[in-house]
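Visitor: What follows is each chain in one-letter form.
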Amino acid sequence: MLGHGSDLPFERDPLARFLPWLIAFMAYLAVLALAGVQVLSTTVGDWHSDLNGSLTVQIPAAETAEDDQANVGKVMDILLDTVNVSHAEVVSEDRVVALLEPWLGDKDIARELPLPQLIDVNVRQDRPLDFDILKTRIEDAVPGATIDNHGVWLRHLVQLIRTTEIITVVVLALIGLITAGTVVFATRTGLAIHHDAIELLHIIGARDSYVAWQFARRALLLGLKGGLIGLVFGAATLFALGQLAARLQGTMLFEHGLAPHHWAVLAIVPVTVALIAMLTARITVMRSLTSML
Amino acid sequence: MLGHGSDLPFERDPLARFLPWLIAFMAYLAVLALAGVQVLSTTVGDWHSDLNGSLTVQIPAAETAEDDQANVGKVMDILLDTVNVSHAEVVSEDRVVALLEPWLGDKDIARELPLPQLIDVNVRQDRPLDFDILKTRIEDAVPGATIDNHGVWLRHLVQLIRTTEIITVVVLALIGLITAGTVVFATRTGLAIHHDAIELLHIIGARDSYVAWQFARRALLLGLKGGLIGLVFGAATLFALGQLAARLQGTMLFEHGLAPHHWAVLAIVPVTVALIAMLTARITVMRSLTSML
Amino acid sequence: MGSAEENQFVARFEGVALRYERGPEILRDVSFDLKSDSFYFLTGPSGAGKTTLLRLLYLSLKPTRGSAAVFGHDIAKTPRDRLPDLRRKIGVVFQNFRLLEHLSVFDNVALPLRVAGIREEDVRRDVAELLTWVGLKDHVSVPTPTLSGGQQQLVAIARAVVGRPKLILADEPTGNVDEAVASRLIHLFQELNKLGATVVIATHNHSLADRLGYRRFNVDGGRLWSETTSDTASPRAVAGGYRRDMTAIGNASGTGAA
Amino acid sequence: MGSAEENQFVARFEGVALRYERGPEILRDVSFDLKSDSFYFLTGPSGAGKTTLLRLLYLSLKPTRGSAAVFGHDIAKTPRDRLPDLRRKIGVVFQNFRLLEHLSVFDNVALPLRVAGIREEDVRRDVAELLTWVGLKDHVSVPTPTLSGGQQQLVAIARAVVGRPKLILADEPTGNVDEAVASRLIHLFQELNKLGATVVIATHNHSLADRLGYRRFNVDGGRLWSETTSDTASPRAVAGGYRRDMTAIGNASGTGAA
Ligand SMILES: Nc1ncnc2c1ncn2[C@@H]1O[C@H](COP(=O)(O)OP(=O)(O)OP(=O)(O)O)[C@@H](O)[C@H]1O
Ligand SMILES: Nc1ncnc2c1ncn2[C@@H]1O[C@H](COP(=O)(O)OP(=O)(O)OP(=O)(O)O)[C@@H](O)[C@H]1O
Ligand SMILES: [Mg+2]
Ligand SMILES: [Mg+2]
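Going line by line, the protein sequences match chains P, A, Y and G. Under this note's numbering, the first residue of the first sequence carries the number 1, and numbering increases by one thereafter. Under this note's numbering, the first residue of the second sequence carries the number 1, and numbering increases by one thereafter. Under this note's numbering, the first residue of the third sequence carries the number 1, and numbering increases by one thereafter. Under this note's numbering, the first residue of the fourth sequence carries the number 1, and numbering increases by one thereafter.
Among the clues, some could well be false.
Now the in silico label distances, taken between C-beta atoms and shown as ranges [to be verified]:
#1 P:287 - G:118: 41 to 49 Å
#2 P:143 - A:265: 47 to 55 Å
#3 A:17 - G:85: 50 to 58 Å
#4 P:279 - Y:81: 16 to 24 Å
#5 G:85 - A:287: 21 to 29 Å
#6 G:141 - A:170: 46 to 54 Å
#7 A:286 - G:7: 28 to 36 Å
#8 Y:137 - G:124: 50 to 58 Å
Take a look, some chain Y residues computed to stay more than 10 Å from chain G by CB distance [said to hold, decoys possible]:
#9 17
#10 34
#11 88
#12 104
#13 176
Don't read these hints as lab results, they were simulated from the structure. No residue lacks a Cβ here, since even glycine has one placed at the ideal position from N, Cα and C.
Start from the sequences, fold in the hints, and give me the full structure.
Guide: Now the structure itself:
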């Protein structure tokens, strides 16, 4: 199917040597962005489900366990009495310890501290909650208790990461566009450079598809080459980052690495890039040729 | 100086329309990377000075303040007795509260907790410390006291950010290389396409510098155009990110935004890119031409 | 258009006019028929429109006015995707050769066959045979820019005839060779003509056109008229008509405009 | 090399040989002088090496062996950055014109002046004058691909002479025009010769070369010899030597190899 080689002097234009590297760079960025977006969305998904409860009530440790129980009881009564609260649940001591652990560096230290009681509260999304009234009621019931929009900073962090995610997707789309754009322009350059040769092919009796295939085949090969180079470099970079992230185990960033199905998605990059390149080239050529006689 | 226009048919090759966008993309990435690296290095610089002490001793809160004092005294004696310790200092309650605050969400809650005593210990970098002996001695002196490699996770985070920084610098270098590479190949393509015209110019009596200037001038203009486009988009993106980061105030990420001198560095990007493009083009042409007669 | 007519006439032009973009009319009201198996010369001063007329015949231009039919198909009305089939029946020798410089002599000559999807072994045999015949046997695999002007002209001619076209259009095919070689080349065209091809040769070489007694079309001032010469070579009175001063050459197209 | 000699001889070739890369020797032991203010024809069969010899003269090739001096400078030994100055004293008409297709007729002709850094107003005056003179006044601002073959040849000639070169090299300058125009073009070269330029014209047109009684160099089989014809046109016996069969043309370079 590749026939006797190309009728057009592609070897002579250095674009052929350059294009794969440009495509490799694009594929590299695509691989990193795709990996990043996958890790982030898994992580944020987890956090998000953690954050279903949108309020936290914190009750300072009392002298005795019984007092603790009593305080918790009072707050729970108030909460369950509030219409908009869909669910309220005391956070187990283990989880409180786990939450403090990365900060204090050691589970044992955390356990030795007189821990506050935490209550996770879920609020119905559909109705507004009068936060101030609830706050006053709880503070009256148990002096020293605080009610808190659940982890504002964490929420912000999630928001930041979501934004990063969106930026990544935009970057990904941009990469696709730039790859296609590169191929369009490389093809147009090719058409311009080889204009006379193409005209000659036509006069000799070549069909548009014959000419277009010469460009498409080349774009496919260059795209595949570039995509694979990019994938290899991308995978190497990800592996290095993964090693580093592994050392950070226990902190909440990077709880999840890349699962096998994530890697599979990455492997699609070179194929996609090559197909984008081929189709773009073919369409560009077929379009341009109709304006020639 | 621009004379009567170009003798070479640059308008006809679509590369001229494409190159600025490619360069713009590169400049965009450069601007983002440069901004990121500046913010990170400022932030990490701050953290790093916080982390001079490499050990932390933590003494659980005792029943009374006097007991706390006694425990701290005992540990301090042991530490100051150890040859390799260069400095040991009790961390003020305020700082302990500040450390816990982002986690518990509220200064007041932290103050209500019976706080452990923390001692920051600086160890001489030049001599190894027998960590196990020190640990045993302290644990014997004050039961329940723990000694801890200072903020392992924070250290790891700093390391990760340092790595990110290095990656960014590598990416920056890569961008420079790719820009130069793009120009080299665009120029070589130009030389190949216009080979006959250039040979003709030579035969007619043109000097190499006459030909090179045609390419260099074009690269300068295209590079400047691309660089400016990239800077504009980059600045817009940074502004958007800055707005977002502002909402995260109080969490330790992004304590510092971009200072004016940081923006000045970013403004250099298009100029640098344009100069890289021009010089690369000129050098490429001058080199290639010497091989022609 | 009936099949009979299609067989009898290779091309029929009726009141054809042509202008390039916003330029003046280069050809005006040009009418002629090319009969199958005939041999024609096309003469006229520089800039008169010989190349333009050939371009119409090899379907690289569409007439601005009038009807131009090639192999029974009106050029202006034939859909784009039907053109390749018509073009494969036409062989063209361009005034400036138009060889593909990156291809070897062999690949240049093989191009029309490959484009038509001929089997590679047939391509190889046909091309090798033809190249031997025109005397380029030793230059089969060199790139064309390393050939002299005359050798390139031979390659261009070989490429034009390798596909056994029904219509051969040659633009100044003897401009880069001396008289002796020119005669041999004309001989080749005559042989192909005898084998059933219609041949049209545009040339400045009046002595050549005069010597051979073929029908001759003459373009000047945008008009075309035909002159049948006798079968013997005869110095022709009309030759004086070409003795125009140099300014007139440059302005030939301007003349056509008024 | 003394200044006197430099003035007397525009070019001196001593035992020059040339081969392209790994090819056979195209020229072998070629020696000749070009005197100032003289007029020469260069003839020889297709593929003999006429264009190659001209390329040596316009410094686009270096000899493989021997010494070739142009304007008193040995080509092989002249540093690259000295070449532009020499080249500005040479005007070349290429066999295939080599016009820059994206530039107008005007800009093409202006090129040698601009490259030499001539002031734009002088450029404009000189070029306009010359274009009027060769009859391209009405085509000044059109792109060259829209010109006919003959018109392009005129542009190529105008570009070659616009810089008032001391040495004019023309490769087949009359290949695309008819006899009458060819005579006028030769006349132009004769005028320039009288104004002090040395002219070398490579041509297949033997009748032309015969008619004018100039010194004639003949290349064949890699060798060059000179023949001074009488001042009157005389059909020359040597013409028979060119009647070679077509195979020989294709293999001309092969002949040089053995
Ligand atoms: N592509 C074009 N666009 C505009 N004008 C053109 C184009 N091609 C040719 N012309 C004009 O058409 C006229 C006829 O040109 P053409 O090439 O047909 O002449 P010709 O008879 O072949 O001349 P020659 O013998 O010199 O080759 C000329 O005046 C030329 O300037
Ligand atoms: N660039 C090149 N590389 C290799 N061989 C070449 C090159 N240019 C010319 N030749 C060979 O050199 C020989 C002489 O070529 P040249 O063009 O000088 O002939 P010429 O006398 O000008 O012929 P013509 O009258 O056909 O133009 C030919 O055999 C040709 O194949
Ligand atoms: Mg013509
Ligand atoms: Mg030649």
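Visitor: Each hint should be assessed against the structure and marked as holding or not.
Guide: The hints, checked one at a time:
no. : hint                      : in the structure
1   : P:287 - G:118: 41 to 49 Å : holds, 45 Å
2   : P:143 - A:265: 47 to 55 Å : holds, 53 Å
3   : A:17 - G:85: 50 to 58 Å   : violated, 38 Å
4   : P:279 - Y:81: 16 to 24 Å  : holds, 21 Å
5   : G:85 - A:287: 21 to 29 Å  : holds, 23 Å
6   : G:141 - A:170: 46 to 54 Å : holds, 53 Å
7   : A:286 - G:7: 28 to 36 Å   : holds, 35 Å
8   : Y:137 - G:124: 50 to 58 Å : holds, 53 Å
9   : 17                        : holds, 18 Å
10  : 34                        : holds, 22 Å
11  : 88                        : holds, 26 Å
12  : 104                       : holds, 14 Å
13  : 176                       : violated, 6 Å
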